[in-house]
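Participant: On the provided structure of chain A, position chain B as indicated by the hints.
Listed below are the residues making up each chain.
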Amino acid sequence: MAAFGLARNSCGLINGLRVSYRSLVQVKYGAKSACLLQTNIQSDCRWYSVSHLSVKERIEKKRKAAQMGGGQKRIDAQHQRGKLTARERVELLLDPESFVETDMFVEHRCSDFGMEQDANKFPGDSVVTGRGRINGRLVYVFSQDFTVFGGSLSGAHAQKICKIMDQALTVGAPVIGLNDSGGARIQEGVESLAGYADIFLDTSYLFITGPDVVKSVTNEDVTQEELGGAKTHTAVSGVAHRAFENDVEALLYLRDFFNFLPLSNQDPAPIRECQDPSDRLVKSLDTVVPFESTKAYDMLDIIHAVLDEGDFFEIMPTYAKNIVVGFARMNGRTVGIVGNQPKVASGCLDINSSVKGARFVRFCDAFNIPIITFVDVPGFLPGTAQEYGGIIRHGAKLLFAFAEATVPKITIITRKAYGGAYDVMSSKHLRGDMNYAWPTAEVAVMGAKGAVQIIFRGKENQAEAEAEYVEKFANPFPAAVRGFVDDIIEPATTRKRICRDLEVLASKKQVNPWKKHANIPL
Amino acid sequence: WTFLTGVSVTMHACTHTHTLTRTHAPHTHTHCSYGLFSSSQTFDKILIANRGEIACRVIKTCKKMGIQTVAVHSDVDSNVHVKMADEAVCVGPAPTSKSYLNMDAIMDAIRLTGAQAVHPGYGFLSENKDFAKRLAAVGVTFIGPDTHAIQAMGDKIESKLIAKAAKVNTIPGFDGVVKTAEDAVKIAQQIGYPVMIKASAGGGGKGMRIAWNDEETREGFRFSSQEAASSFGDDRLLIEKYIDNPRHIEIQVLADKHGNVLWLNERECSIQRRNQKVVEEAPSMFLDADTRRVMGEQAVQLAKAVKYSSAGTVEFLVDSKKNFYFLEMNTRLQVEHPVTECITGLDLVEQMIRIAKGYQLQQKQEDIPINGWAIESRVYAEDPFKSFGLPSIGRLSQYQEPLKLSHVRVDSGIEEGSDINIYYDPMISKLVTYGATRAEALARMEDALDNYVIRGVTHNIPLLREIITHPRFVSGDISTNFLPEVYPEGFKGHHLDEDRCRELLASAAALHVTSQLYSHKILGTQSDLMLCYRVSSAPMDQNNWELCVELGQELHDIEISKSGNSYIFMNGLCLSLQVKVDGGQVEVCGDWNLASPLLPLTINGTCRMLQCLSKESSGNIVLQYMGTLFKVRVLSKLTAKLNSYMPEKVSEDTSSILRSPMPGTVVAMSVKPGDTVADGQEICVIEAMKMQNSLTAVKQAKVKSVHCQPGETVGEGDLLVELE
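Sequences listed follow chains A and B, in order. FYI, the numbering for the first sequence is 1 to 522, going by UniProt numbering. FYI, the numbering for the second sequence is 1 to 724, going by UniProt numbering.
Next comes chain A alone, as it looks inside the complex:
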């Protein structure tokens, strides 16, 4: 099952959500669409099983019908909603002419509520499945067809998806799911099935229970968009990992994203030919950290400057913005980037950013993607909201994830690395392979002011003591003399150092002690 899980995860990162198709609202919706279909389809297309046609002709007919999904009217309606059809999505996602479809002739097997009529049978049912290539690399795809019973899930539908998942597992290839479904088909008592959903701005909604149910249970007034729109899930709930303007943009970005990932968790991180010199000096990094240590700067400036071609695929860019995570390449090799963002909430770690970081680190570790961590963290966010919310438990997730990861781990401390947050951020103590400090680094228990207030509580000449503390600890030496950082490096050489280390660490082998599974503090 390892490869299976992998396949799901590899798309899960962008698609993010496992939906349990069990809600009342969705059931209601499914019923509605079924009624509609019964009336419309019968009159529109009378193509079903006709005995005077030869087998060959019938094959052709069925194929043609499958291409049309729920019929032109429904396709037009889908377009009017600003959405693409299942087939259009597949065509856009995959390399031209690479799609090999499976189960085009599968039909649903429901015989209740008039569903057994031929008019209510659609070849392929409400999902398109098969395999194809993205930039030449193998991928399995399923794409739910909203034009057929609202993309609702039937037994046949689920079976089709399971089939390609099983195939993907046997060859070690990923599965991408393009979800567009109203939910379970009411006419069938379907087993619930885990799925994945892409989420598109303004046209997509995800919720366990819809606004009507929310209103009746908790008396909250909420719109579809507020409850489960793209903004909610990318900025508030963290359920979706990225939102895009529309279907086309999402699929184009997905193609590029796919290039960062290995085909399976048994494959090494992919290496793309690199035109950006691995020994390129990045002069602008020498001045990126401001003189005043309280002044903010944009960690993305550093990240973009260091990477191959400045190409950074950020994950969850609008959620917990005090931590930045995403994929990039160093000398052609895919790497995962984790960085504190001093621009937002001073780059502190809080519940959401810890969870966001932890999930990403585990993803990288699962798929053999080296992790590069940029540290400028003033500490964990204090306060009752955080403590009551369980910051200790959630912060531990990030710590656990870094500690557990056996992929190459390179850490660069750009400025602050204070207290417990320092430890958490892929420190030497969590088996960091190479840990560097910039000359601006300050590895300490806390900021000078706070420290002095505690050490010299109630005493005079605090300013003097503060200056002494700064002199002693607000620099990279205390950490360097203890070997907590391997070297103090000129910022301009950061790219060169990382690329060189990654080459060496490519053969890194580290095995965690055997256990049934790790016990991350969930």
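Since the hints were made in silico from the structure, they are not lab data. Possibly wrong hints are sitting among the right ones.
[Unchecked claim] Covered stretches of chain A, going by a simulated chain B footprint (3 or more residues, C-beta under 8 Å):
id, segment
1, 77-85
2, 267-280
3, 290-299
4, 302-311
[To be verified] Here are the simulated SDA-like pairs of lysine to any residue, each with C-alpha atoms no more than 20 Å apart in a straight line:
id, chain 1, residue 1, chain 2, residue 2
5, A, Lys283, B, Asp419
6, B, Lys521, A, Gly136
7, A, Lys496, B, Ser397
[Claimed, not checked] On the chain A side, residues computed to face chain B include the following (Cβ under 8 Å):
id, residue
8, Glu88
9, Glu91
10, Leu252
11, Tyr253
12, Asp256
13, Lys283
14, Leu285
15, Asp286
16, Lys343
17, Val344
Source: prediction; values computed, not measured. C-beta: ideal position from N, C-alpha, C; glycine also.
Facilitator: Just chain B now, with coordinates in the frame of chain A:
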């Protein structure tokens, strides 16, 4: 080593990529050797009381002359000049009045470092007689004219009187206190309309009014006298003939302390915006040898009349009939001095230092040549689409000067990673090109501008490139009104004609195809032989592409096919593509390196340097072509078809509302209602977790309302400031 080669080293100014491959002017004058100059003992240590490119420029020459240098800087400005100097002293906080104009601090720095002389550069204290006096009092040499000349030329009325007495052509007019509006009208009538009225003590176009009749004169008198009294505390007025459509041409002079004065030919500085020069050149196309000589001689007479020593500039207005009138004299090194250096082969800073030490000039007037042609473009961090240039600020995330090209000199004081902030002049550099002829110099300028990589701030290269390629400029038909005349509606960027448009579309499409090919270049790892056997990856054997490119509102169908050989180098892909666009055929060849900001292409056999600013997965590409940025979107034909089903993007205007991005305390509010903020300017500072976060404007706008005060605690999403 001829003298000239020596200069060419100096001219490298302040970059850190020292490739000594430029400005080898074909000068045959070898009047004196480099060695001879440096053998003359001048000073051991010079303090440069300035910043930025001019500080770097002076330090360069000092280094060449074996002189130790001291830089001064404010506490936010430890830029290139600080790194270049042997010593550096911080003279105060960011505002210039507290640092670079802070005489006490600079005098302390001199004492501290034991500098024997001070080079003031331009601006700041360069024409401040009190500063020169204070230096003299402690026995430190001021590298510039003596206080008498500074004072005499610093006052518009006095300088004009002296000029008149020295038989220099002056603009007919009146100077002194004008009592009433009717007096002003009388004077104006005597001079003849149009007239210009301005405050005697003002400068830089401030308080200047032009009157074409009696009524306007009365009005002008009222405004200017008020302004004179309030702004300058000096109610004298100047009424003089207004020269319509004038050229601004200036003569560089060089004088020693022994009464020898030379004129080093002219500089044409007519291309200006808001009375600030943008493009300068030497010599001027407009002057004939006789006019040049007469102007030069008059400039020398003026310098002699005030016992001038050091380098100075006499500015003239020249009308269409080559009548010239004295405007003012600048008693300092000018920003645009490099063009004079290029055509005369002299190092003006070196000359200034020698003169300050008391040496006699080594040249005679007949030794001063006009060799070739030099053009200077002032590259500014500003948005030329707004009144020909409103300052922009930011961090130079990427910066590459076009120094690989020959005959290019770049004087700059910044480097990659430098911050361009609100405290100082937003000039990025002075880009100077040189050629045997004007056409050659212009062609090189075009190349240099195309090869100049500036990212992180908005810059005026689009405008500069349009100016130097404009037919009127090329033919020499220019005046100080050039910009408003040529762009009456404001600057709008390069207008693409049909051919250029096709080239741009073809380039964008070719870039898209190249990056698609590149996306397929995933390498299998050697250790994993398994991968090679598994059908994990198929090669891309596509040779034809059907694309759709969106430029502005228009969609263009494009067909691309590989033509001839394409081969892959270690660093990039050499690819030749046949592009069919709008019925025309374009061939695009390039050694495509997608990591480089520069995109050198051969389009239909012509070499063109494009720049790629961004390329997104969504197909959006921003290209710099002919100096201007163009946004295009390249999609496959299928994608374009499907894209037409997508709803139009409705962009929400969040640019005029500033909300607090986090809970915190407002520590500073930098604006008040009615203020105008620039794009990127700080609006307020929020402190959260002992960290100060500066919130900036995302567009230039007027502040409508402010909803918080310093010291106030705000929550996330709280409205702070509204812009109009």
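Participant: Hint validation: Leu252(A) versus chain B, beta carbon distance must be below 8 Å. Holds or violated?
Facilitator: holds, 5 Å
Participant: Using Cβ atoms only, decide whether Glu88(A) comes closer than 8 Å to chain B, and label the hint accordingly.
Facilitator: Because about 5 Å separates Glu88(A) from the closest Cβ in chain B, which is inside the 8 Å limit, the hint holds.
Participant: Are there three or more residues in the segment 302-311 of chain A whose C-beta lies closer than 8 Å to some C-beta of chain B?
Facilitator: With 4 residues closer than 8 Å to chain B, the segment 302-311 of chain A meets the three-residue bar; holds.
Participant: Was the hint right that Val344(A) lines chain B, CB cutoff 8 Å?
Facilitator: Since chain B brings a Cβ to about 7 Å from Val344(A), closer than 8 Å, the hint holds.
Participant: Answer holds if the nearest beta-carbon of chain B is closer than 8 Å to that of Lys343(A); otherwise answer violated.
Facilitator: holds, 7 Å
Participant: Classify the hint on Glu91(A) as holds or violated, based on whether any CB of chain B lies nearer than 8 Å to its CB.
Facilitator: holds, 6 Å
Participant: Restraint: Lys283(A) near chain B, CB-CB cut 8 Å. Satisfied or not?
Facilitator: Because about 4 Å separates Lys283(A) from the closest Cβ in chain B, which is inside the 8 Å limit, the hint holds.
Participant: Going straight from one Cα to the other, do Lys496(A) and Ser397(B) come out at no more than 20 Å?
Facilitator: holds, 18 Å
Participant: For the hint on Tyr253(A), does the least C-beta distance to chain B fall short of 8 Å?
Facilitator: Tyr253(A) check passes; min Cβ-Cβ to chain B is 4 Å, inside 8 Å.
Participant: Please work out if Lys283(A) and Asp419(B) have their alpha carbons no farther apart than 20 Å.
Facilitator: holds, 13 Å
Participant: Verify this for me: three or more residues of the segment 290-299 of chain A with a beta carbon less than 8 Å from a beta carbon of chain B.
Facilitator: As far as the segment 290-299 of chain A goes, the hint holds, because 5 residues have Cβ atoms under 8 Å from chain B.
Participant: Need the status of pair Lys521(B), Gly136(A): alpha-carbon distance at most 20 Å?
Facilitator: Given that 20 Å is the threshold and the Cα spacing comes to 9 Å, the pair holds.
Going through the hint list in order, the structure satisfies each hint without exception.
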